[in-house]
Amino acid sequence: MQYYLVKCISRIVCCLPAGIRRGLGTLIGRLCWPLVPAKRKRMAATNIKRSLGVDEDRACSLAKASAVRFGPMFMEVLHMPRLTPENIGNYVKLTGQEHLEDALKLGRGAVLATAHAGNWELLGAALAMHGFPLVAVVQRQTNHAMDRFINEYRTKAGMHVTYKTGVREMVKLLCGGKIIGLLMDQDNHTDGVFVEFFSRPASTPQGAAALGRLNHAPIVPAFIATNPDGTHTAIIHPPVMVEKTADRDHDILVTTQKLTQIIENHIRQYPQEWFWLHNRWKTPPPAGKTIGG
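If you're matching positions, the sequence shown starts at 1380 in this note's numbering and goes up one per residue.
In case anyone wonders, no lab produced these hints; they're calculated from the structure. Fair warning: there could be bad hints in the mix.
[Unchecked claim] Once the Cα atoms are required to be at most 35 Å apart in a straight line, the calculated DSBU-like pairs of lysine-lysine come out as:
1. LYS1543 / LYS1484
2. LYS1472 / LYS1428
3. LYS1661 / LYS1443
4. LYS1484 / LYS1637
5. LYS1484 / LYS1420
6. LYS1420 / LYS1543
7. LYS1418 / LYS1661
8. LYS1420 / LYS1386
9. LYS1472 / LYS1484
10. LYS1543 / LYS1623
11. LYS1637 / LYS1551
12. LYS1443 / LYS1418
Please work from the sequences and hints to get the whole structure.
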C-alpha cells in the first residue's frame, strides 16, 4: 500500500514545473529542520567549526543548509521517472567524463568512489543514462516501500543494483567490466581503516581500495554539485590506481587516504552540500593507534 502511495505522489511531482518542485522541496526541508534533535544540530555545528575553521554563526548556517537540501533532493528523486537519456543533459552536466571513459578502456572495470554530497542519486542516474555500466551498491532501506521505489527507478535509469552484502557479485561484475559505485564517506565502525579526514582520524570504508587492488582496477572519484538554477554538475576526477605491494593492508590504507583527501577537498568547495548531520568521527581509533599506524 505504501509503495503505491509513493508512486502516486511521484506522478504528481512529475507534473509540477521545476521551479515549483524546488520551492516545495525547500519548504519541506525548512519545515523538517526543527524536528532534527538539538543534540544532532550541536554535533554538526561543532564538527563544521572544527573542520572548516568557521565561527558559530557560519557553522550553524551550514548545518541547517546541509539538512534543508534534503527537501529538494527528495523532490528530485520523486521526479526521477521523467529522466531519460535524451533529457538528462537538461538536469545534469558531466565534466571530466573522459576520465571514466579512459578508465574503462583498460578493460578491468572501474570503481566509482563518491560521497553523500549533492544529490548522489542523480549522479548515478546521469552516468547510467550516458551509457556508463554503473552498478549501484546500496544500503537496504528500512522503509520497504521507499526501498522498492528507489531501486525500481535506479534500474529504470540503467543501473544494476546490488546491496552492500553482495561482495561476490560486486567482484564478478567488476571483473566483467562494470563500474562499481561506492559511497565511502561514513563512519565504518570497527570494520574501517583509520585515515585522516579534516585532520582527525576517521574510520573509513576500505571497499573501494580493496576492490581496486583485487582487479588492479582504476578508482575514479566522482561527485555532483547543485548549480544556482537548480541543475547539477557531475565532477569526475582522474583515476586513482592502487600501488600493489606485498603488504595488502598498507596498500589499502594509502589508497583510502588518497581518496579521502579528494573527498575532503570537494567538501571544502561545497560545504553546504555534505551530510554534516552524520557523526563521521563517531568511532575513535583504538587506544595508542595513530593515523596510518
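Against the structure, the hints:
1. LYS1543 / LYS1484: This hinted pair holds, its Cα atoms lying about 26 Å apart.
2. LYS1472 / LYS1428: Holds - the C-alpha atoms of LYS1428 and LYS1472 are around 32 Å apart, at most 35 Å.
3. LYS1661 / LYS1443: holds, 20 Å
4. LYS1484 / LYS1637: holds, 23 Å
5. LYS1484 / LYS1420: violated, 45 Å
6. LYS1420 / LYS1543: OK: LYS1420 and LYS1543 at ~29 Å, within 35 Å.
7. LYS1418 / LYS1661: holds, 14 Å
8. LYS1420 / LYS1386: Status holds; Cα separation ~32 Å.
9. LYS1472 / LYS1484: With Cα atoms ~22 Å apart, LYS1472 and LYS1484 stay inside 35 Å; holds.
10. LYS1543 / LYS1623: holds, 24 Å
11. LYS1637 / LYS1551: holds, 25 Å
12. LYS1443 / LYS1418: holds, 13 Å
Hint 5 from the earlier list is the only one contradicted by this structure; the remaining hints agree with it.
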